[in-house]
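Produce the complete structure using the sequences and hints provided.
2 protein chains.
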Amino acid sequence: MANKRASLLFLSVARRVCLSSRHTVIPVTRRHVYASHSIFPHLPAYSCHFISTTSGQSSLSIRSHTCGELSSSHVGQEVTLCGWVQYLRQDLFVVLRDFSGLVQVFIPQDESHREMKDAFCGLMVESVIKVTGRVRHRPEGQKNSNMSTGEIEVYAESLEVLNTCRKLPFEIKDFVKKSEALRMQYRYLDLRSSQMQYNLRLRSRLVMKMREYLCNVHGFVDVETPTLFKRTPGGAKEFVVPSGEPGTFYSLPQSPQQFKQLLMVGGLDRYFQLARCYRDEGSKPDRQPEFTQVDIEMSFVDAAGIMALIEGLLQYSWPEDKGIINIPFPCLTYEEAMKDYGVDKPDTRFGMKLTDVSETFQHTQIEFIREAIVQPGGCVQAICVPDGAKHLKGKDMECLKQVARTQFNQEVDCMQVRAEGSIKSPLGRLIPDTTRLQLLLKTSANAGDLLVIAAGAQERVCPLLGKLRLQCAELLEGRGVPVRDPSVFHFLWVVDFPLFLPKEDEPEQLESAHHPFTAPMPEDAHLLYTQPHKARGQHYDLVLNGCEIGGGSIRIHNAAQQLYILENILKEDPSLLSHLLEALDSGAPPHGGIALGLDRLVSIIVGASSIRDVIAFPKSFRGHDLMSHAPSLVPEEELRPYHISVLWPSAKNGQDDKP
Amino acid sequence: MANKRASLLFLSVARRVCLSSRHTVIPVTRRHVYASHSIFPHLPAYSCHFISTTSGQSSLSIRSHTCGELSSSHVGQEVTLCGWVQYLRQDLFVVLRDFSGLVQVFIPQDESHREMKDAFCGLMVESVIKVTGRVRHRPEGQKNSNMSTGEIEVYAESLEVLNTCRKLPFEIKDFVKKSEALRMQYRYLDLRSSQMQYNLRLRSRLVMKMREYLCNVHGFVDVETPTLFKRTPGGAKEFVVPSGEPGTFYSLPQSPQQFKQLLMVGGLDRYFQLARCYRDEGSKPDRQPEFTQVDIEMSFVDAAGIMALIEGLLQYSWPEDKGIINIPFPCLTYEEAMKDYGVDKPDTRFGMKLTDVSETFQHTQIEFIREAIVQPGGCVQAICVPDGAKHLKGKDMECLKQVARTQFNQEVDCMQVRAEGSIKSPLGRLIPDTTRLQLLLKTSANAGDLLVIAAGAQERVCPLLGKLRLQCAELLEGRGVPVRDPSVFHFLWVVDFPLFLPKEDEPEQLESAHHPFTAPMPEDAHLLYTQPHKARGQHYDLVLNGCEIGGGSIRIHNAAQQLYILENILKEDPSLLSHLLEALDSGAPPHGGIALGLDRLVSIIVGASSIRDVIAFPKSFRGHDLMSHAPSLVPEEELRPYHISVLWPSAKNGQDDKP
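Protein chains in written order, with this note's numbering: chain A, 1431 to 2089; chain B, 1431 to 2089.
Do not rely on the hints blindly, as some may be mistaken.
Where chains are identical, the list cannot tell them apart; a pair therefore holds if satisfied intra-copy or between any two copies.
Restricting the straight-line Cα-Cα distance to at most 30 Å, the calculated cross-link-like pairs of lysine-lysine (DSSO-like) are [unchecked claim]:
1. 2001 / 1597
2. 1831 / 1547
3. 1854 / 1714
4. 1823 / 1783
5. 1667 / 1933
6. 1783 / 1854
7. 1964 / 1769
8. 1752 / 1639
These are calculated hints, taken from the structure and not from any lab test. On a predicted model such as this, the values are computed, not experimentally measured, just so you know.
Written out as structure tokens, the structure reads:
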């Protein structure tokens, strides 16, 4: 304590000496700002101004310690705490809270402290106070092992009320449930919860470690790129920003893709940025109009290099309290992922993989299965749900069938495996014993399991069973059967994606699976000119617990190849990307990169059900800020400098009556 | 080298073992992507895939070293370099460049290397190549002490051309001058210059050190705040962003001011962010529509605490090659700054302070001076320009008078002090000897100096002379007289600003000098209710070499005080800030903060004449991106989802013909 005071005194004196030699002194203490609320204005104001150390969480502050850091080791010390009144108990204790936790403050009961006691007892919860007092052991029997500071209490010696608090719309207690809308409207109160404090602080620490790894370990350069950019023609999800020149608009980019590649052409060598990105997706669930990605690009690297970088990045920055992650991460090809899990972002925390049982049903009497098998690409696929027959009810199976019908226009059969190995299913009597035994063997199904079977074209059946696999996991968990451990983190790379996919609305036309700048696999480059739909891209997706949290690629660095893809395969107007094509022709190095979705990554780490819980001020699912009421009406005259006017839906005219 | 290879092999093997146990292996080398350009496809592709270490600037890369790091200590080593062809000399040498510098590559001349020599000699400058070779001493007499790698050269053993380069619009040589417009249009080439590489890398390192200081030393939390926010009514400088709901708009905020205060109310305690901010200022010189500020807010702190934090921050993060900065910084009150320098952001790198010489002229015969003195607040002020009479020409003095007339509607007198102490000036003969001697004494003027004198109301004369003081410095520097050392950094705090200033267009009405959330000085709080124009704010500006690079304040944390200021002093509608007022009433802690203008700070550190030189992709002064041509025209049908249409200036109608 003596040292802390001494170093502070030195600081104050140093400033004053320096200043007085030349200029007027700025008053060092501003403590009087609190005087209007001060209950004990007779306390010496100056002497306790600067009681903090020169580093740490209480540096440069009017407190000496945080509430949560106090322990038996502080017994006997005088401390000054600042925080919020959490509880007042029996006029004997105040429980004080700051971001670090709670501590119990004992209110002296003797007559000489009468004035202070009255002040304590008059406090509303969530009032902000400053308490100076001495740390002491709690009496035996009053220790609270559920509280990190439960061994001690602070015997109050002085109190200053820094601010009062009105009656709040909800209490700041972890056990108090409040609606999402109320949380959003009073976000500044919601942020006081220990969960939100934990989430935002973990996010900040994670990001700091990532920066250390990228900058200090691997020599990356943190470069900011513009968010007022050029509109992508037809970029339906881009917000527009009218400029001061009639008819012209900036747009808010969905990612800094072009800029990061141009930085490589510019010789920056290794770029990263925590990049704010924008996407106008209306009211898609759990999307935000602005989000953050860890954006990375490197020159003179290959896919394996980027993947190793990201593995190292996550291992280095992983929060200590979340265990250790092992690297390298496993890796699946796109084809394997679709075959085994029916999805390109498999949740590998549990089994229930898809099994191709076409062979088993090769000679089946069941007509619709036979028909499905004989068509080109036709197959029969099964998933085995362990203990599914034991735990899932009839309505659960109905639910699975419903999903298959409504989302995939497809029938599925649910077969319950009985103790004696028989099968309970509408199709059961049509399946001969040999088929049944082969099926059980192939799917490793045991008594009590549930088999979900579907037949049809592989590109439809696999995604269907992939969906039902997740649905089964949810249904089982809903019945209390643990399937996915929420405390484990299963990372997975998915690679060898097709470079192009048929357009949904125009299947004879190809579109980029990732984006038009992804390079083909070197061994597939010749396919661009012959069978582009068969070319695979140097694209890698990072999946965590079944969520895609990152994606990247090695980029095309050859202008001619980029032009060919834009013009001949994607049928796009290359003049719109002329600056990028020119850049590739100006000595572009081989380069590649990746972007990680930070909001999603953090939400999985902290176990939040929504990315809103890891963003300080999120928008509602309709894109509204319920606290400040953004977006809001703007009067026409304030739009005039931007040369725009509002097209009110009712005020239709000749130009605007098209859909 | 052996160790490097070993560790890399381990990495590759580790991945493969792990994967092959379960899944297909992703091909570890992607080297074939370069094969289309490869001149020596017969070289073993796999063996040299991963020659890099696991950290450093060449980690995870296909190079082993950077060009600029090579020195005599590497002699004898085999290295692989990737970079751009800077020069080709006499078919004997290629000078290779990457971000780290230049290195000379020796082209073997013997017949066995004929194919490689031909390939080298066919290279266009700025082609991208990969060279493997052995480092050797340059022969005596060929060492180049102007080049950091001038002791050595790399004897090429293999060459791979990674990309070719077209004829560029300008050469990437430091001595090649190019127009600003060309630099902006081909920014990706401009970024290859050593100056831009230095600027962006220094900026990245500076920011990283700042983050370390804030997060790791003082426990700050990095929190991202929204950039899609609510429009401030009348916020003329805010960009609007139409939402999908008719007539409603987000705006891009000029700063996260409200959010940072709400974070304090939310108990975040210590917040910082490198915040992107937006301001639509049309074509003001050297402004950018988007810029970055180091945004900081703390609870339970006073002005001295924030100032000490910033001093520590700058000292900690200051680039090593720019010397050491001493803290604490000197401090001036607003009143002193105006009195001594005629400006609230004085450049203290040089003297020429303003001197009040009213007393000297108390009994003057010069009518206009006498008139000026007798009016309330009237004065005569002088600056003494050392050696000004010696160096400044007649047209320089005319220029000073011109500035005074056109910008301040005011006359000034320039008096040249002669060797014998006489004064050459139109007013000279009207000044008696006693006045003259007193004037020289008071202004410490010596023979050869120039006195610039103005008379009038103090609030006009001081800013005028403040302006002329800077003008004199520039004029002297233009004549080759050093006045301001460009390599020194003079930080200065300016404090005790008035809380309110008269509105320019409505002088009887007050507006905030800083912003409406700044708290009054505690000792001036009572003035709010009686003489608000006399109240000073707890506001501090940070000035560096005459530029304001930061500003902040202790905020109002009392809802009643905030409401009074908004309603009664500023005459604003408090309902527009109801969420903030409610938040202050919900247990807001005392808090304060600051924002530093990062672009300006970095530009001063690197000595750039424009902030464009420290931003990777800046806009032109008219807000255009000359490379991608943003902003751009957007077809009406793509605006329809946002319910807006363009008001073309020619298509006026009844609603829009107002100015």
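Results for each hint:
1. 2001 / 1597: Between copies, since 28 Å is at most 30 Å while 62 Å is not.
2. 1831 / 1547: neither (67 Å within a copy, 70 Å between copies)
3. 1854 / 1714: Neither: 40 Å inside a chain and 78 Å across chains, both beyond 30 Å.
4. 1823 / 1783: So residue 1823 and residue 1783 pass the 30 Å test inside one copy only (21 Å; across, 89 Å).
5. 1667 / 1933: Within one copy only: 18 Å inside a chain, 42 Å across chains, cut-off 30 Å.
6. 1783 / 1854: within (21 Å within a copy, 98 Å between copies)
7. 1964 / 1769: Result: close within a single copy only, 17 Å intra versus 77 Å inter.
8. 1752 / 1639: both (15 Å within a copy, 27 Å between copies)
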